[in-house]
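Trainee: Here is what each chain is made of, one letter per residue.
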Amino acid sequence: MRRWQRYASLVLLLTAAVVVFQALVRLGLRMGDQPGPGLMPLVLGVLLGALAAALLAGNLGPGEAQAPFWAAGTWWRPLGAVALMAGFAFGLRWIGFMAGIGLLVAGWLLILERKRLWVAALSGAVTATVVYALFVVLLKVPLPMGSLLTR
Amino acid sequence: MASFEGLLQGFGIALSPVNLLFAFLGALLGTAIGVLPGLGPAATIALLLPVSYKIGSPVTAIIMMAGVFYGAMYGGSTTSILLNIPGEAASVVTCLDGHQMARKGRAGPALGIAAIGSFIAGTIAVVALTLVAPPVAEFALKFGPPEYFALTVLGLLLATYLSGRAPLKSLIMATLGLLLGLVGLDPVAGVPRFDFGNVNLQGGIDFVTLAMGLFGIGEILLSLEQGVIGTIVTTTIRDVFPRMTDFVRTRRAIVRGSVIGFVVGLLPGGGAVIASLVSYAAERRASPHPEEFGQGAIEGVAGPESANNAAATSSFIPLLTLGIPGNASTAMIFAALMIQGVTPGPFLLREHADVFWGVAASMYIGNAMLLLLNLPLVGVWAQLLRVPYAYLAPIIAVITLAGVYTVNNTAFDIWLMLVIGVVGYLLRKLEFDPGPLLLAFVLGPIMERSLRQSLLMSAGSPAIFVTRPIAALLLIAAAIFVAGNLLAGRRRRA
Numbered sequence: 001m002r003r004w005q006r007y008a009s010l011v012l013l014l015t016a017a018v019v020v021f022q023a024l025v026r027l028g029l030r031m032g033d034q035p036g037p038g039l040m041p042l043v044l045g046v047l048l049g050a051l052a053a054a055l056l057a058g059n060l061g062p063g064e065a066q067a068p069f070w071a072a073g074t075w076w077r078p079l080g081a082v083a084l085m086a087g088f089a090f091g092l093r094w095i096g097f098m099a100g101i102g103l104l105v106a107g108w109l110l111i112l113e114r115k116r117l118w119v120a121a122l123s124g125a126v127t128a129t130v131v132y133a134l135f136v137v138l139l140k141v142p143l144p145m146g147s148l149l150t151r
Numbered sequence: 152m153a154s155f156e157g158l159l160q161g162f163g164i165a166l167s168p169v170n171l172l173f174a175f176l177g178a179l180l181g182t183a184i185g186v187l188p189g190l191g192p193a194a195t196i197a198l199l200l201p202v203s204y205k206i207g208s209p210v211t212a213i214i215m216m217a218g219v220f221y222g223a224m225y226g227g228s229t230t231s232i233l234l235n236i237p238g239e240a241a242s243v244v245t246c247l248d249g250h251q252m253a254r255k256g257r258a259g260p261a262l263g264i265a266a267i268g269s270f271i272a273g274t275i276a277v278v279a280l281t282l283v284a285p286p287v288a289e290f291a292l293k294f295g296p297p298e299y300f301a302l303t304v305l306g307l308l309l310a311t312y313l314s315g316r317a318p319l320k321s322l323i324m325a326t327l328g329l330l331l332g333l334v335g336l337d338p339v340a341g342v343p344r345f346d347f348g349n350v351n352l353q354g355g356i357d358f359v360t361l362a363m364g365l366f367g368i369g370e371i372l373l374s375l376e377q378g379v380i381g382t383i384v385t386t387t388i389r390d391v392f393p394r395m396t397d398f399v400r401t402r403r404a405i406v407r408g409s410v411i412g413f414v415v416g417l418l419p420g421g422g423a424v425i426a427s428l429v430s431y432a433a434e435r436r437a438s439p440h441p442e443e444f445g446q447g448a449i450e451g452v453a454g455p456e457s458a459n460n461a462a463a464t465s466s467f468i469p470l471l472t473l474g475i476p477g478n479a480s481t482a483m484i485f486a487a488l489m490i491q492g493v494t495p496g497p498f499l500l501r502e503h504a505d506v507f508w509g510v511a512a513s514m515y516i517g518n519a520m521l522l523l524l525n526l527p528l529v530g531v532w533a534q535l536l537r538v539p540y541a542y543l544a545p546i547i548a549v550i551t552l553a554g555v556y557t558v559n560n561t562a563f564d565i566w567l568m569l570v571i572g573v574v575g576y577l578l579r580k581l582e583f584d585p586g587p588l589l590l591a592f593v594l595g596p597i598m599e600r601s602l603r604q605s606l607l608m609s610a611g612s613p614a615i616f617v618t619r620p621i622a623a624l625l626l627i628a629a630a631i632f633v634a635g636n637l638l639a640g641r642r643r644r645a
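Protein chains in written order, with my numbering: chain W, 1 to 151; chain X, 152 to 645.
These aren't lab readings, by the way, just hints derived from the structure by calculation.
Treat the hints with caution; some may be incorrect.
What the hints assert, rightly or not - Residues from chain X that face chain W, not an exhaustive set, calculated with beta carbons under 7 angstroms:
hint	residue
1	L330
2	L375
3	V549
4	T557
5	A562
6	I565
7	L569
8	L581
9	L606
Unchecked claim - Stretch by stretch, here's where chain X covers chain W in the computed footprint (C-beta under 8 angstroms, at least three residues):
hint	region
10	31-37
11	84-91
12	103-114
Stated by the list, open to error - Here chain W is said to cover these stretches of chain X; the calculated rule only asks that three of the stretch's residues, wherever they fall, bring their Cβ under 8 angstroms from a Cβ of chain W:
hint	region
13	393-400
14	422-435
We put the beta carbon where it would ideally sit given N, CA and C, even for glycine.
Make the full structure from the sequences, and use the hints.
Mentor: Structure follows, in structure tokens:
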């Protein structure tokens, strides 16, 4: 885990460098006789850099035995969920919210939970109906119906 | 007397049919999510934020969310006792003795004393809130920008140090939260900051998007990886009303837990988790039979469960009177109030007395509702533990996606939430607590505004923070706190 903590420290150091650069070069520390928009970012960027350096220093050296970041075979489920949700966001414009939700839930149960096709399809349809009733009918939220389905 | 009159006004508001319904819904939902492992009160309140847009009245919205918060404290004990898995973080210590009691066939009295202790502590805490909050708000009216800056610094430091096991990581998260709060147009100069040329980021990152990503998507991804495991001890629960000997044994634990919980809940970052841990330690020390702790001592259930409820209630005092949320859940309620156009802080009692007293009165009612929900219906809640997480996870994901879309009606927020969710998941895996990030995100704009106003007042001189007595005292307290923690850390390593 120490290796991953070191990677995290480096990402944080990079973030701090970007913040400090933006504060000094793009935003500016003074605005006439007033504090400028870059003052707070500069203070926070320097603080983040110092804290990230402290984290890095605390995780140098070999430390305990390396534990894997993901236990065997556990990484694919969160990755699959993110892929399904990203697919939903990508297809939203064309297939709309309701069909998207139905497909998302069905796909989730089918792929990530290994449920039977009819269970997944029924769950997707029921969830889409409940979301429609809750958000569109009850809360009057104009959820997009999709360009393919509203032609 | 003013408190009494205010409370009467509050009961007039809280007893209206709509508010009673939403208090009940909040308490019911809170108990349910407290029972179900894998979804905490902060995540649930985040999911409810878009719904709060649609509830016209701020009192009604906050009554429901407060019900979710303290309802989760009640419900969390059920999972700890029956499954040996905390339903939410504040019920971790209840596992130690509660589950042992269940294994010995005493699940009923364990659940019963948890509910009764929670009721008594919640009621004591809300009485104290009624008495303490008005003078605190009156005092806070003396605060100007330098005092607010010092208060946010102290509050954030306390919250980051007390909320997690690793103060360095919590400080990093708080700094990241403050930075994320800066994204968007600068409030004074109108210059875009950290928008990277994206017009969608010029209005800043929406609180709902951040909260749902970190707490909704982040928790789902982690649960998918780790799975929710555990075996329910019993589904037939008898003798929920504890025996007289149990009451005699636990009466002091409940009172001590109430006091500890109330005091700890007032501290930023203190909250229900620390209150329950402190209470457990206090009960073990005070007990004539400390060897029974961990083997099924009923005081080990009564004390912490009382403490976490009292803390949940008292954490509303800094939120409503100073405008400083002390934990992730109250930060969500802070955001909900802002969404409704109500600014929490010393002026709340003057300008929105209906909100303050309505919420306070609803807590009295909500506690009574929760006692009724938790004692006779405990068997029903136990059955809820049989709902497979396989079906819950996609439903939570769908609510999150629909909820975040409703904020600005744009798919950009969904993409942003997904990115934040993945980052939140990775941060949890690396043992970074996302709570301080969210708190800092809320406090960041207050901190920057008060810093810049203070420097304007003093023509750029930072001496203003040490020449004003309240600001100086608060900053000295912050410095002593940091120095004390650094010294303690060095001593531990030596």
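Trainee: If you test the structure against every hint from before, which numbers come out violated?
Mentor: Of the numbered hints, 13 and 14 do not hold.
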